[in-house]
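Asks: For the record, the sequence lines run as chains B and V. Using my numbering, you'd call the opening residue of the first sequence number 1 and step up by one each time. Using my numbering, you'd call the opening residue of the second sequence number 459 and step up by one each time.
Heads up, a few of these hints could be off.
[As the list claims (entries may be wrong)] With a Cα cut of at most 25 Å, we get these calculated SDA-like pairs of lysine to any residue:
#, chain 1, residue 1, chain 2, residue 2
1, B, K386, V, Q512
2, B, K22, V, R801
3, B, K160, B, V437
4, V, K510, B, I37
5, V, K768, B, A320
6, V, K723, V, D690
7, V, K510, B, Y36
8, B, K386, V, P539
9, B, K387, V, N464
10, V, K808, B, S123
11, V, K553, B, I23
12, B, K219, B, R242
13, V, K768, B, W319
14, V, K618, V, A653
15, V, K542, B, R26
16, B, K22, V, P515
17, B, K323, V, V767
18, V, K542, B, S335
19, B, K323, V, E787
20, B, K323, V, S487
21, V, K510, B, D384
22, B, K11, B, P453
23, B, K386, V, L462
24, B, K356, B, A234
25, B, K264, V, P535
26, V, K818, B, R119
27, B, K22, V, R518
28, V, K555, B, T21
29, B, K92, V, E815
30, B, K22, V, R504
31, V, K510, B, S335
32, B, K22, V, E508
33, B, K323, V, I786
34, B, K323, V, V531
35, B, K92, V, D804
These are calculated hints, taken from the structure and not from any lab test.
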Amino acid sequence: MDTAKPLQELKNLLGEDRVLTKIEDRACYSYDASPYISEPQAVLIPRDTRDISGILKIASKYKMPVIPRGAGTGLSGGCVPVDGVFVLDMSKLNKIIEIDTKNLVAVVQAGVVLADLHRAVESLGLFYPPDPQSMNICTIGGNIATNAGGPRCFKYGVTKDYVLGLEVVLADGRIIRTGGKTIKNVSGYDLTRLFTGSEGTLGVITEVILRLIPLPRAKRTALALFNTLEDGAAAVSGIIERRIVPTTLELMDQDNMILIEKAKGVGFPMDAEAGILIEVDGKPREVAEDINLIAEICKEFGAREVRIAQTPEEAAALWAGRKASFGCLAQSTPSVFIEDATVPRSQLVTAIREFKALAKKYNLRIPILGHAGDGNLHPDICFDEKKPDEVARVEQCIDEMFSIALKLGGTLSGEHGIGIAKRKYVPWEFGEAGADVLRSIKNALDPLHILNPGKVLL
Amino acid sequence: MNELINSYQDGVERCLRCGICLSVCPIYSEERHEGTVARGKVHLIRKLLEGKLQLTPRLRQYMDLCLGCQACVENCPSQVPTDKIVCAARAQFVKEKGLPLVYYLALRWGLKNPALMSALFTSLGLARNMALTKLLPQTLKDKEEILPPLPAQTFWQQYKKTKPSRRKVAYFVGCLTNLVYPQVGLATLHVLEAAGYEVIAPQAFCCGLPHYSSGDLETARELAGKNVALFDALDVDAILTDCGSCGSALQEYVRWLDNDPRARKFSEKIRDVSEFIVNTAGLKPGMRSLGRTVTYHDSCHLNRSMGVVKEPRAILRALPGVQYEEAIEANRCCGGAGTFNLRHGDLSMKILGRKMENIKATGADTIAVGCPSCRMQLSYGAKKNNVPVDVLHPVELLAMTFSGSDHE
Numbered sequence: 001m002d003t004a005k006p007l008q009e010l011k012n013l014l015g016e017d018r019v020l021t022k023i024e025d026r027a028c029y030s031y032d033a034s035p036y037i038s039e040p041q042a043v044l045i046p047r048d049t050r051d052i053s054g055i056l057k058i059a060s061k062y063k064m065p066v067i068p069r070g071a072g073t074g075l076s077g078g079c080v081p082v083d084g085v086f087v088l089d090m091s092k093l094n095k096i097i098e099i100d101t102k103n104l105v106a107v108v109q110a111g112v113v114l115a116d117l118h119r120a121v122e123s124l125g126l127f128y129p130p131d132p133q134s135m136n137i138c139t140i141g142g143n144i145a146t147n148a149g150g151p152r153c154f155k156y157g158v159t160k161d162y163v164l165g166l167e168v169v170l171a172d173g174r175i176i177r178t179g180g181k182t183i184k185n186v187s188g189y190d191l192t193r194l195f196t197g198s199e200g201t202l203g204v205i206t207e208v209i210l211r212l213i214p215l216p217r218a219k220r221t222a223l224a225l226f227n228t229l230e231d232g233a234a235a236v237s238g239i240i241e242r243r244i245v246p247t248t249l250e251l252m253d254q255d256n257m258i259l260i261e262k263a264k265g266v267g268f269p270m271d272a273e274a275g276i277l278i279e280v281d282g283k284p285r286e287v288a289e290d291i292n293l294i295a296e297i298c299k300e301f302g303a304r305e306v307r308i309a310q311t312p313e314e315a316a317a318l319w320a321g322r323k324a325s326f327g328c329l330a331q332s333t334p335s336v337f338i339e340d341a342t343v344p345r346s347q348l349v350t351a352i353r354e355f356k357a358l359a360k361k362y363n364l365r366i367p368i369l370g371h372a373g374d375g376n377l378h379p380d381i382c383f384d385e386k387k388p389d390e391v392a393r394v395e396q397c398i399d400e401m402f403s404i405a406l407k408l409g410g411t412l413s414g415e416h417g418i419g420i421a422k423r424k425y426v427p428w429e430f431g432e433a434g435a436d437v438l439r440s441i442k443n444a445l446d447p448l449h450i451l452n453p454g455k456v457l458l
Numbered sequence: 459m460n461e462l463i464n465s466y467q468d469g470v471e472r473c474l475r476c477g478i479c480l481s482v483c484p485i486y487s488e489e490r491h492e493g494t495v496a497r498g499k500v501h502l503i504r505k506l507l508e509g510k511l512q513l514t515p516r517l518r519q520y521m522d523l524c525l526g527c528q529a530c531v532e533n534c535p536s537q538v539p540t541d542k543i544v545c546a547a548r549a550q551f552v553k554e555k556g557l558p559l560v561y562y563l564a565l566r567w568g569l570k571n572p573a574l575m576s577a578l579f580t581s582l583g584l585a586r587n588m589a590l591t592k593l594l595p596q597t598l599k600d601k602e603e604i605l606p607p608l609p610a611q612t613f614w615q616q617y618k619k620t621k622p623s624r625r626k627v628a629y630f631v632g633c634l635t636n637l638v639y640p641q642v643g644l645a646t647l648h649v650l651e652a653a654g655y656e657v658i659a660p661q662a663f664c665c666g667l668p669h670y671s672s673g674d675l676e677t678a679r680e681l682a683g684k685n686v687a688l689f690d691a692l693d694v695d696a697i698l699t700d701c702g703s704c705g706s707a708l709q710e711y712v713r714w715l716d717n718d719p720r721a722r723k724f725s726e727k728i729r730d731v732s733e734f735i736v737n738t739a740g741l742k743p744g745m746r747s748l749g750r751t752v753t754y755h756d757s758c759h760l761n762r763s764m765g766v767v768k769e770p771r772a773i774l775r776a777l778p779g780v781q782y783e784e785a786i787e788a789n790r791c792c793g794g795a796g797t798f799n800l801r802h803g804d805l806s807m808k809i810l811g812r813k814m815e816n817i818k819a820t821g822a823d824t825i826a827v828g829c830p831s832c833r834m835q836l837s838y839g840a841k842k843n844n845v846p847v848d849v850l851h852p853v854e855l856l857a858m859t860f861s862g863s864d865h866e
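Required output: the full structure, derived from the provided sequences and hints.
Replies: Structural data, given as structure tokens:
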């Protein structure tokens with residue numbers, strides 16, 4: 001397709017230096033944090049919502065596909081520009097417009113880095129809980145497009161539970177606003193939720209109204225080690241049955257603990273099947289009671305050891321191993337798929353056992369981390385992308401992994417999104433009728449299929 | 459083809475593109491373009507090695523946009539040596555495309571020739587006295603302003619040998635200490651002499667770091683060879699520097715000179731003066747109370763290349779009448795980065811602005827720093843941002859505590 005005319009119109013709109021077409025620039029926007037790579041036609045750098053509206057009008061006119069990109073930290077290829085699309089670099093829309101302490105909401109542009117929002121609201125004693133591991137890099141827009149989660153989400157809920165309203169540029173360039181500053185809003189269809197998690201396939205999110213809550217004043221941390229996964233999972237259920245809701249329940253499997261211990265020597269036993277990092281937050285006296293009660297429960301369910309941090313330094317030391325896990329993983333493998341198959345909490349152990357059996361069957365190394373409170377697992381499938389036979393085995397393994405997750409009543413994706421990686425499994429989860437509904441929504445909002453084509457739906 | 463970069467193929471392939479470098483890169487946080495940060499640069503070099511990119515001006519521009527601060531390297535889960543990859547790419551550019559004229563003159567003519575450097579600085583001093591620098595065009599004037607007031611006499615013009623002693627240590631006097639901050643050199647001599655050391659200070663050549671980081675490997679190696687020869691015969695266990703940048707380069711000589719045994723011996727002896735005082739000579743401050751609130755800025759080379767973090771802070775905390783205040787992001791680059799501030803003025807000033815905000819928040823009246831290049835940048839930042847602080851080397855502050863000290 002001849003791109004000269006649309007490119008000229010885009011340059012007229014944005015200025016020459018905001019339309020990057022050199023191969024070096026396109027290469028720099030050809031990836032996210034997944035193994036997928038593909039170069040865009042051009043990188044467009046809008047300054048504001050009006051620029052984006054103008055871009056989409058041109059895109060509609062020439063049927064040129066576009067894809068919004070925050071910081072490129074996604075793990076499923078959601079913002080990898082397949083089929084020569086135009087990348088919309090959202091990073092210049094990075095203003096925190098307002099932190100409204102009367103209504104407890106924040107109004108921010110889509111390109112704001114999550115950690116910057118955290119810092120800004122926490123300095124006012126407020127709290128925005130979602131905490132994906134990439135929080136120092138990723139943008140709010142990307143968080144909403146993927147409905148991001150994180151360790152704290154077991155207690156506090158995920159991104160969608162905090163999105164009150166959006167400004168969205170539609171495929172034809174029109175601008176709409178959904179929701180608002182009120183917690184309660186049942187007018188019409190819930191468009192805010194529709195765009196949340198839409199992975200850039202239904203519209204371009206440009207501004208966001210987020211709900212804030214008071215910042216918990218204290219937190220306490222413990223590490224519990226179990227000989228078997230079953231003991232660990234039983235303890236997690238035991239904690240929840242006693243009506244304690246920890247902020248985080250981070251599970252490390254034996255493969256992970258061995259990997260971390262060998263590299264960092266943080267004091268993990270090599271023969272324990274499960275390590276669970278537990279954090280509670282709330283009022284100082286409350287968390288002190290809770291953490292001790294949790295330790296008792298863990299012991300009751302057969303924990304071989306429970307370490308309770310008495311100081312922030314000790315808490316940091318307990319976290320050190322978990323935080324080192326990605327680095328240890330990265331150094332142990334040339335490539336990795338970080339999956340996020342999620343099952344009901346009661347099926348956690350079954351899922352882990354079955355995933356481990358898959359690792360054996362396909363001769364792959366799959367250390368598993370998980371958010372044990374919400375059944376969100378991260379099987380990290382290690383492979384070498386230069387070995388075609390290994391790549392083929394990885395694909396078969398992932399096929400089976402998702403059928404297991406669905407069989408156990410779970411989902412393809414707990415927090416990363418479908419992107420490229422999981423689109424072929426969407427009909428498995430939704431059924432043909434369900435997939436049809438998804439398609440109808442897509443066709444209604446993006447009849448020309450110019451918004452992040454080839455993602456979510458095949 | 460790409461023979462200077464090929465050895466990093468494994469390094470570039472290790473990058474998982476996780477993006478953690480985006481959160482620590484001072485340039486990315488201002489520019490927010492992937493080409494300015496490790497993940498993008500490493501991907502570009504990967505494509506270059508795959509034969510899918512050429513040595514184009516655009517690629518050179520991105521390779522040039524790196525402070526060499528190594529924050530990405532320090533935080534990289536896959537331990538990709540982006541700083542070394544960038545320098546190798548710059549060297550490849552110099553080999554294939556040559557050096558730009560300004561660099562050629564500065565690196566191969568000025569910095570290589572101590573007498574000439576001295577003459578140039580003297581001329582600048584004269585021109586300033588006669589207010590001739592006012593006639594410079596604004597862009598050059600800004601650059602000229604980064605250079606602080608020049609001393610009346612260089613270090614070597616003021617140098618007096620220390621008393622003979624059985625305990626001997628060598629001292630590598632860098633270009634900026636000699637020409638801009640001779641007082642640091644004098645303080646170093648004073649402190650070491652007080653600790654009972656005879657200080658042997660040969661008139662060294664430039665350490666070669668400006669050449670190495672601009673891709674002029676040939677001159678970097680030539681200077682390294684000369685310096686190794688100069689110090690080789692000395693009967694000392696340690697060669698000290700007061701400059702994190704020089705020190706990091708001197709420690710790299712063994713790699714620059716392909717594992718030459720004399721270079722290895724030289725590199726292994728290199729130590730930072732603050733580290734030497736704390737761990738070997740013994741920290742014995744004088745009685746004079748300084749009445750200062752001091753914060754410390756980590757030079758990237760001193761911190762991440764030489765691994766010196768605790769010792770300068772230990773000195774500062776031990777000084778009488780010093781209230782020490784740690785700054786947030788104390789180890790974040792100041793944006794000086796050798797000549798980066800001259801080449802990318804606006805960007806460098808943005809990075810510096812954030813640094814000065816953090817320093818202001820400590821309420822300190824003094825910034826201590828173990829690198830003259832950072833010191834020039836911080837002094838300029840203090841002036842531009844109206845932050846009333848002195849910028850001094852930890853060893854200068856230490857020397858000030860001695861009674862009868864003339865290091866004020």
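Asks: Would you mind marking each hint as holding or not holding in the structure?
Replies: Hints and how they fare:
no.: 1; hint: B:K386 / V:Q512; verdict: holds, 23 Å
no.: 2; hint: B:K22 / V:R801; verdict: holds, 23 Å
no.: 3; hint: B:K160 / B:V437; verdict: holds, 20 Å
no.: 4; hint: V:K510 / B:I37; verdict: holds, 14 Å
no.: 5; hint: V:K768 / B:A320; verdict: holds, 21 Å
no.: 6; hint: V:K723 / V:D690; verdict: holds, 8 Å
no.: 7; hint: V:K510 / B:Y36; verdict: holds, 17 Å
no.: 8; hint: B:K386 / V:P539; verdict: holds, 21 Å
no.: 9; hint: B:K387 / V:N464; verdict: holds, 21 Å
no.: 10; hint: V:K808 / B:S123; verdict: holds, 23 Å
no.: 11; hint: V:K553 / B:I23; verdict: holds, 23 Å
no.: 12; hint: B:K219 / B:R242; verdict: holds, 19 Å
no.: 13; hint: V:K768 / B:W319; verdict: holds, 24 Å
no.: 14; hint: V:K618 / V:A653; verdict: holds, 17 Å
no.: 15; hint: V:K542 / B:R26; verdict: holds, 24 Å
no.: 16; hint: B:K22 / V:P515; verdict: holds, 11 Å
no.: 17; hint: B:K323 / V:V767; verdict: holds, 23 Å
no.: 18; hint: V:K542 / B:S335; verdict: holds, 22 Å
no.: 19; hint: B:K323 / V:E787; verdict: holds, 20 Å
no.: 20; hint: B:K323 / V:S487; verdict: holds, 23 Å
no.: 21; hint: V:K510 / B:D384; verdict: holds, 21 Å
no.: 22; hint: B:K11 / B:P453; verdict: holds, 23 Å
no.: 23; hint: B:K386 / V:L462; verdict: holds, 24 Å
no.: 24; hint: B:K356 / B:A234; verdict: holds, 19 Å
no.: 25; hint: B:K264 / V:P535; verdict: holds, 13 Å
no.: 26; hint: V:K818 / B:R119; verdict: holds, 19 Å
no.: 27; hint: B:K22 / V:R518; verdict: holds, 13 Å
no.: 28; hint: V:K555 / B:T21; verdict: holds, 23 Å
no.: 29; hint: B:K92 / V:E815; verdict: holds, 22 Å
no.: 30; hint: B:K22 / V:R504; verdict: holds, 17 Å
no.: 31; hint: V:K510 / B:S335; verdict: holds, 21 Å
no.: 32; hint: B:K22 / V:E508; verdict: holds, 18 Å
no.: 33; hint: B:K323 / V:I786; verdict: holds, 22 Å
no.: 34; hint: B:K323 / V:V531; verdict: holds, 17 Å
no.: 35; hint: B:K92 / V:D804; verdict: holds, 18 Å
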